[in-house]
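Given chain A, work out where chains B and C should sit, using these hints.
Chains as they are written, first to last, in our numbering: chain A, 80 to 349; chain B, 2 to 285; chain C, 264 to 612.
It is worth saying that the hints were derived from the structure and are not from the lab. Just so you know, not all the hints are guaranteed correct.
Here are the in silico distance ranges between beta carbons for each label pair [to be verified]:
no.	chain 1	residue 1	chain 2	residue 2	range
1	A	GLY120	C	ASP485	24 to 34 Å
2	B	THR193	C	LYS601	55 to 65 Å
3	B	ALA183	A	LEU118	56 to 66 Å
4	C	GLY582	B	TRP65	24 to 34 Å
Virtual Cβ for every residue (Gly too), placed ideally from N, Cα, C.
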Amino acid sequence: MTVDRRWRIGLRVLGLGYLALLLLVPVGLIFYRTFEHGLTGVWESITTPAAIHAFWLTIEVTAIAVPLNTLFGIVMAMALARGEWRGKGLVNALIDLPFAVSPVVIGLSLILVYGIDGWLGGALADAGIQVIFSVPGIVLATIFVSLPFVVREVTPVLKEIGDEQEQAAATLGAGGWTTFRRVTLPSIRWGVAYGVVLSVARCIGEFGAVSVVSGKISGETETLTLLVEKRFANFDLAGAYAASALLALIALGTLLAMTMIKPRREEGDA
Amino acid sequence: MSATSAPLAPAPPARASAGSRPAWRSASGPLGLGVATLWLSVIVLLPLSAVVVRSLDGGLGAFWDAVSSRQALAALRFTVLVSLATAAINVVGGTLIAWVLVRDQFPGKRIVNALIDLPFALPTIVAGLTLLTLYGPRSPVGIDIAFTQAAVLLALLFVTLPFVIRSVQPVLIELDREMEEAALSLGARNLTIFRRIVLPNLVPAILSGAALAFARAVGEFGSIVLISGNIPFDTQVSSVYVFKLIESDAPVSAAAVSTVLLLVSLGVLLGIRALGHWGARHDR
Amino acid sequence: MISQHVRKTVLALLALVALAVVAGCGGSSDETGGSDVSGGGDAKTTLSLVAYSTPEVVYDEIIPDFQKTSEGSDVGFKTSYGASGDQSRAVEAGLRADVVTFSTEPDMTRLVDAGLVDPSWNGTPNRGLVTTSVVAFVVRNGNPKGIRTWDDLLRPGIKVLTPNPFSSGAAKWNLLAAYGQASGGGRDPQAGLDYVRKLIVDHVPVQDKSGREALQNFVSGDADVLLSYEYEATTAQKKGEDVDYVLPDDTIKINIDIATTQDAPPAAQQFLDYVLSKPAQEHFVDWGYRPVNEEVLSAAKARGLFPDPPGLFTIDDLGGWDSVNDEFFDIENGSIAKIEEDAGVSTAK
Numbered sequence: 080m081t082v083d084r085r086w087r088i089g090l091r092v093l094g095l096g097y098l099a100l101l102l103l104v105p106v107g108l109i110f111y112r113t114f115e116h117g118l119t120g121v122w123e124s125i126t127t128p129a130a131i132h133a134f135w136l137t138i139e140v141t142a143i144a145v146p147l148n149t150l151f152g153i154v155m156a157m158a159l160a161r162g163e164w165r166g167k168g169l170v171n172a173l174i175d176l177p178f179a180v181s182p183v184v185i186g187l188s189l190i191l192v193y194g195i196d197g198w199l200g201g202a203l204a205d206a207g208i209q210v211i212f213s214v215p216g217i218v219l220a221t222i223f224v225s226l227p228f229v230v231r232e233v234t235p236v237l238k239e240i241g242d243e244q245e246q247a248a249a250t251l252g253a254g255g256w257t258t259f260r261r262v263t264l265p266s267i268r269w270g271v272a273y274g275v276v277l278s279v280a281r282c283i284g285e286f287g288a289v290s291v292v293s294g295k296i297s298g299e300t301e302t303l304t305l306l307v308e309k310r311f312a313n314f315d316l317a318g319a320y321a322a323s324a325l326l327a328l329i330a331l332g333t334l335l336a337m338t339m340i341k342p343r344r345e346e347g348d349a
Numbered sequence: 002m003s004a005t006s007a008p009l010a011p012a013p014p015a016r017a018s019a020g021s022r023p024a025w026r027s028a029s030g031p032l033g034l035g036v037a038t039l040w041l042s043v044i045v046l047l048p049l050s051a052v053v054v055r056s057l058d059g060g061l062g063a064f065w066d067a068v069s070s071r072q073a074l075a076a077l078r079f080t081v082l083v084s085l086a087t088a089a090i091n092v093v094g095g096t097l098i099a100w101v102l103v104r105d106q107f108p109g110k111r112i113v114n115a116l117i118d119l120p121f122a123l124p125t126i127v128a129g130l131t132l133l134t135l136y137g138p139r140s141p142v143g144i145d146i147a148f149t150q151a152a153v154l155l156a157l158l159f160v161t162l163p164f165v166i167r168s169v170q171p172v173l174i175e176l177d178r179e180m181e182e183a184a185l186s187l188g189a190r191n192l193t194i195f196r197r198i199v200l201p202n203l204v205p206a207i208l209s210g211a212a213l214a215f216a217r218a219v220g221e222f223g224s225i226v227l228i229s230g231n232i233p234f235d236t237q238v239s240s241v242y243v244f245k246l247i248e249s250d251a252p253v254s255a256a257a258v259s260t261v262l263l264l265v266s267l268g269v270l271l272g273i274r275a276l277g278h279w280g281a282r283h284d285r
Numbered sequence: 264m265i266s267q268h269v270r271k272t273v274l275a276l277l278a279l280v281a282l283a284v285v286a287g288c289g290g291s292s293d294e295t296g297g298s299d300v301s302g303g304g305d306a307k308t309t310l311s312l313v314a315y316s317t318p319e320v321v322y323d324e325i326i327p328d329f330q331k332t333s334e335g336s337d338v339g340f341k342t343s344y345g346a347s348g349d350q351s352r353a354v355e356a357g358l359r360a361d362v363v364t365f366s367t368e369p370d371m372t373r374l375v376d377a378g379l380v381d382p383s384w385n386g387t388p389n390r391g392l393v394t395t396s397v398v399a400f401v402v403r404n405g406n407p408k409g410i411r412t413w414d415d416l417l418r419p420g421i422k423v424l425t426p427n428p429f430s431s432g433a434a435k436w437n438l439l440a441a442y443g444q445a446s447g448g449g450r451d452p453q454a455g456l457d458y459v460r461k462l463i464v465d466h467v468p469v470q471d472k473s474g475r476e477a478l479q480n481f482v483s484g485d486a487d488v489l490l491s492y493e494y495e496a497t498t499a500q501k502k503g504e505d506v507d508y509v510l511p512d513d514t515i516k517i518n519i520d521i522a523t524t525q526d527a528p529p530a531a532q533q534f535l536d537y538v539l540s541k542p543a544q545e546h547f548v549d550w551g552y553r554p555v556n557e558e559v560l561s562a563a564k565a566r567g568l569f570p571d572p573p574g575l576f577t578i579d580d581l582g583g584w585d586s587v588n589d590e591f592f593d594i595e596n597g598s599i600a601k602i603e604e605d606a607g608v609s610t611a612k
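Extracted from the complex, chain A is given alone in its bound form (with noise of 0.2 Å):
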């Protein structure tokens, strides 16, 4: 339909509006507090050498969890695309639950299993592996809470896009991986880099999970949102800002990456 141009202004305006009172006013607080005391102190409150190692904590375990969820996403997108199996409907449902479980639990259920009276956590003590406590227990709670994001992005596009050209390719003669490598994922990339962008996003802001099970060693387990916890209750109102502007733009860094990579066609005609 063609909105007339009164109608296609007041919508603009209401959708814009609800964006910039929920959205944009509440992030562009966080950068005008960052920055209202001058550049040099925001310099100086994230590389200071906690700071630092949460940095790059941070970034550890997003570039473990993201990858193995994409991997983990594209696999089960195509299984729940292109087949029918029994219990697709129940696992389906499942793969949402980590948007649905508070992360007070979240962390709960993890210590309930790998804490050293969980169900492997004493068998895993012995063999001298620390999960709870330590950076595995922090890549294993990222993981849990960034999981659906590919899957959730990539589906849709399977569907949509049907397989006759991956049939095609096998009445050409082409065996499953090279189909795979050559007609699936080119049609399908968009769908994986958004679902990865998510993913990253939703990884370095995780906060209640980790808090339970990092332990909040300093320097060890310490990821960058702890450290943004931390900074608030030591008063330290600016050093947080900077931290939470440092995580935001890791985020929007990733965000106008994809962007970028995102052929115009996509965004819609007017």
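Relative to the frame of chain A, chains B and C by itself:
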């Protein structure tokens, strides 16, 4: 969520053939599915089942006592109601914003589009504190709703913002305009076109996004705990009540209430997907 | 084309991981330009300090001083700070700890019960305490509303902040102080509970999750009084917050506990001894904590610090932590729990 290159021929509805398994499927064949399901089980199901099992430590009687206590029921009721409200507002607001982002053109649109996903990246404590500063007692815009139920709703709207928008956008993009143009040329008014032609196509995507928003709202903790005041029977959501139970050395009760929350979420998620399937079967 | 894309992604990831491994090697200090307490690779022993959140600023000063002594010269430190209950539960669940310090005794008792701390931890001359404090009223600079006594808190229109006792150990001390003073040190329980009920139901608009959050709330909000500890107020002032505090005549003595764990190396006890010694205790005084070291305490009092409230009572006067925890703070049946519920019901919309 974006579709890609157009198919070679007009696409029939994606329908998998249950019987035949052509060779090319081996990339996602039984082995792939098996490994993926194993991953899901180890990462998500194993820990969650530990919670469910632990919740029965004191027997069914203790379980029932924990989940039917006055505070637990009040918290559950408030949680479900406020999450439904969140989902409902998101349905309207999210669809509207998706529409503006797809069908409208204005300078800076790309940046606005990119910013939509920011709520995921900000630690919830930052989100809560910022909202408190903006819309609390020292509000620069004069709106003070801190420590009220409205504040909880506000925090939830922030963290669930991307869901419906990102769900509806790709569908809107792929929407075939011919029907709309045909209706327009036949003299139908805009509102009718939207209601009768566009909206039905968007409903499954809207529902899917709304379900995710509901699920997230039910589990949200970090931003709410700062802005809501945590007053039992008033602004206490279930996730905060669970936290208090853990802090009060009642982990079994905490596990019990969490189990109920999980079941409620699972029920809603399954229900929404079932609705979606039913709707798809009635497609033209 | 796609393999190029994949290859670039993989290379980027590998680079990131390599960088992470290289750059991730320890720095634990969060002071701008401050010294790093971790002690580097040539430390012969590493001690893990697991503490509740507020004394981080003090230990950041004590630890480097300890490392300059002969006992501490080859000791590295790992530190973890968080809410007292959370930290205690973490140690119980396996968080490695050599020295622990908490703000409520049940958090230490939990570890004794778990076999991680020796039951004789509080048999020492200082009875297991590292510092003490008292519950105080934190008010705006200049005390514009003239808050002096507990009765002032119940004046019409006065808004009081205190954290939620079911999520914050700190809050328990606040409410016990309120109860204790109204009940005459525990002699008239009903009067005590009546006071707490009136306070919470009519004067506390919101209960934050933790003591520090309540303080943040007070600083950025419009409440009149915050119930908190004397040292919280001093620390806040030192950090530039615009607050003042008043010591009511009747208040409770807050005990902060410290102990070494069963498997800790000898260096842990040496560190603990140092924390109780004059130089470390003077650091505590700087930040507003009442020292347990007699010499330091007398010197501070001579300077006019830490006046003794005439009506000071202790947790033992109220029956000791075990009975208090059950009677007041049981989440379903405790008397404070019932008051909380009534507060919610009365304000529920």
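Do the hints match the structure? See the list:
For A:GLY120 paired with C:ASP485, a C-beta distance near 28 Å keeps the hint of 24 to 34 Å intact. The supplied range of 55 to 65 Å is met by B:THR193 and C:LYS601, whose beta-carbon atoms lie about 58 Å from each other. The beta-carbon spacing between B:ALA183 and A:LEU118, approximately 58 Å, falls within the hinted interval of 56 to 66 Å. Range check, C:GLY582 to B:TRP65: about 32 Å between beta-carbon atoms, so the 24 to 34 Å window is met.
In this structure, none of the earlier numbered hints is contradicted; all agree with it.
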